[in-house]
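Enquirer: Got chain S sorted already, so can you dock chain G onto it with the hints?
Residue numbers (the numbering used here), protein chains in the order written: chain S, 30 to 390; chain G, -12 to 323.
The set of hints was computed from the structure by calculation and includes no laboratory data. Among these hints, one or two may not hold up.
Cβ-Cβ distance ranges computed for the label pairs, FRET-style [as the list claims (entries may be wrong)]:
id, chain 1, residue 1, chain 2, residue 2, range
1, G, PRO286, S, VAL128, 18 to 28 Å
2, S, VAL240, G, GLY104, 37 to 47 Å
3, S, ASN372, G, VAL150, 52 to 62 Å
List of simulated lysine-lysine pairs, DSSO-like, C-alpha gap at most 27 Å [as the list claims (entries may be wrong)]:
id, chain 1, residue 1, chain 2, residue 2
4, S, LYS380, S, LYS32
5, S, LYS387, S, LYS32
6, G, LYS321, S, LYS380
7, G, LYS321, S, LYS387
8, G, LYS321, S, LYS161
To give an idea of the chain G side of the interface with chain S (calculated C-beta under 7 Å), a few residues [as the list claims (entries may be wrong)]:
id, residue
9, ALA70
10, PHE74
11, SER99
12, ALA194
13, ALA292
14, TYR295
15, ALA303
16, GLY304
None of the values given here were measured: they were computed from a predicted structure. All C-beta atoms in this analysis are idealised placements derived from N, C-alpha and C, irrespective of residue type, glycine included.
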Amino acid sequence: MPKWADVVLIPLISLMLAAILSALVILAIGENPVEAVKLMVSGALGSTYGWGYTLYYATNFMFTGLAVAVAFHARLFNIGGEGQAMLGGLGVAMVCLYVDWPHWSVALLAACAASMLFGALWAAIPAYLQAKRGSHIVITTIMFNFIAAAFLNYMLVNVMRPQGSQDPATARFPESVHLPTFQSMFSTAENTVFRGAPVNITFFIALLACVVVWALIWRTRLGYEIRAYGHSETGAVYAGISPVRITIVAMLISGALAGLMAINNVMGEAERLVLNSTEGAGFIGIAVALMGRSHPFGVLLAALLFGFLYQGGAELALWASIPRELIVVIQALVILFTGALDNMVRMPLEKLFLGMRKRAE
Amino acid sequence: MDFFVTLIQVLDSTIRLSTPLLLACLAGLYSERAGIFDIGLEGKMLMSAFFSAAVAAATGSVWLGLLAGIAASLILSGLHGMASITFRGNQLISGVAINFLAAGLTVLVAQSWFQQGGRTPSLFGGGRFESAEFPYAIGPEDAELTGRSVSDLMSDANVVHIVYSELLSGHSILVYVAFLMVPATWWILYRTRFGLRLRAVGENPAAVDTAGVSVVGLRYAAVAICGVLCGIAGAYLATALQAGFVKDMTAGRGFIALAALIFAKWRPWHAMWACLLFGLLQAVALRFQNIDLGGVVIPVQVMDALPYILTVVILAGFVGKAIPPQAGGDPYIKER
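Chain S on its own, in the form it takes in the complex (with noise of 0.2 Å):
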């Protein structure tokens, strides 16, 4: 089978049979497909507003994406995003509380550093049982979603609520470490753009991330050592390689991916730590690096068309009477064409390019 169509035509042929079944689901319940993508269009990408959540959406699954991705490199399916992004969350909100900032950059750079040092400690637990004791990465990272929300609850609860509020949360974060929204940034006196839209110079650092991401898996003796292990453990180890070097290593960058979403969701649009702040969002990053075939410019386009999905969910649900919950069938059904029905759409398709092959010939 030429490349093209591995790394094409079988995800697009995926994300259609997605689209029909998604359809299909809408006209099931009264609604009207055509009705309902109309909304979501104008109200995803009909105006600056609907492009700055579309955006912010995006930032979050681009950096869960690349998480999930980078595992998927070495072969271990990482399900933890969701909670080393939750420990990235504490770990800016105890930067941008406790430590005093004179502006903003340098309180960005020192968040970012906190939420990926969180986010890889999280990981890095099951990572070395995975490596040295051989209990699945699955199972364990999953467990330690649930251990990661039990103990923010805690956190949150019983730590660093202010005195005298009800609200399981942080206060809010000073003024010095606000981060500069798009609006902000790209408004003129005359024409105000993107107002009150979350979506915030994080964007810009989560594309640097799809472009670090790339040169390390592609350009790096690391990625290639990951890749290696990734195709054969045996064929790596016979080439010097250290199994337990890479599961920890890979899994250590993972998840301080994962961490990083927090500065979007946390420092960018909240601007303190709330109970649930993640949103799903690492698990997101699943469906977002499956569609995107594991490589960082499919994950950045995988990931817009999941902040698209969102934004435009989220207007259905104000305009139209269909539920936000849309949003989690159309993710499921990608999960499932792109991950586990892989075959169904892949077999035809390698039977067909044999048999035109063979028909040239």
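Expert: Relative to chain S, chain G alone:
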């Protein structure tokens, strides 16, 4: 006596809360013993919880509800089987997809069917499983007959009678089904030909194939049993433990069941004890918020996290190693 009554009440709710865990755990046991990892237990339970409550609300019959719940769960099982057996896809990714599919579809369908914000109407009368009163147990009927409250009658009874009335009697029939499934599962797995083949296909499918037994057939059978049990678990949640479906009502129980399965090292009797332990943790967390042990306060979040922490410890092999079925997660490719 006060302490004793509290203890019995906590144990009573332990049994109620363990039941869905146990059913889902045994469901996972069949599937994983046949070599099909299933992290979609949560989704199947949720799907069944909704459809059982919806059909029970629409028809007024809880038994039709149960059947509908099992059917809904079986459809998802079929999907998982298709993805992981027929198309040899990644079983973990398929499980993740099934969980999201159920989380989304249940709310979507509930909203368009009942317009009550993603829930079903409350169930009453024949729409719910009633509790089965054993003979001579103290129950609401005695209270009506004597004109005294049940707790009043309890405080007069002796210890054996209290345990009998409160702990053993008065549960929904599905609770007894769940606990009877434990010896049944043990018998099927270790004393029947089907069970032997099921365990073999999870350890070494090539050997089963060589013996002329269909690997695909066995694995589909295991996945189907898993679907039926998850269906009962979901129906229990929505029509017995609670009266109706609410959004995300499984609340991670599928994952606790998965944890219990690993904790039990994929064995039926141990699964029961693990589920009772995790049910006890839930019951204690539900009854007491923060537990004060002579000055040291255990926050409620520790109780919430404990099943997961214990599972990680077990998985790490510090307290006896948990070794999963050898062929678990690998699709079987027949040589030609």
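Enquirer: Next step is simple, just say for each hint if it's right about the structure.
Expert: Going down the list of hints, with the structure as the test:
1. G/PRO286 / S/VAL128: 18 to 28 Å: Holds: the Cβ-Cβ distance is about 27 Å, inside 18 to 28 Å.
2. S/VAL240 / G/GLY104: 37 to 47 Å: 44 Å, holds
3. S/ASN372 / G/VAL150: 52 to 62 Å: This hint holds: roughly 55 Å between Cβ atoms.
4. S/LYS380 / S/LYS32: 15 Å, holds
5. S/LYS387 / S/LYS32: Given that 27 Å is the threshold and the Cα spacing comes to 18 Å, the pair holds.
6. G/LYS321 / S/LYS380: It holds: about 19 Å lies between the C-alpha atoms, which stays within 27 Å.
7. G/LYS321 / S/LYS387: 26 Å, holds
8. G/LYS321 / S/LYS161: 32 Å, violated
9. ALA70: For G/ALA70, the interface hint holds, since the closest Cβ of chain S sits about 4 Å away, which is under 7 Å.
10. PHE74: Holds, because the Cβ-Cβ distance from G/PHE74 to chain S comes to roughly 4 Å (cut-off 7 Å).
11. SER99: 4 Å, holds
12. ALA194: Cβ of G/ALA194 sits 23 Å from chain S, so the hint is violated.
13. ALA292: 4 Å, holds
14. TYR295: Constraint on G/TYR295 satisfied, holds at 4 Å.
15. ALA303: Check passed: Cβ of G/ALA303 comes within 5 Å of chain S, closer than 7 Å.
16. GLY304: 5 Å, holds
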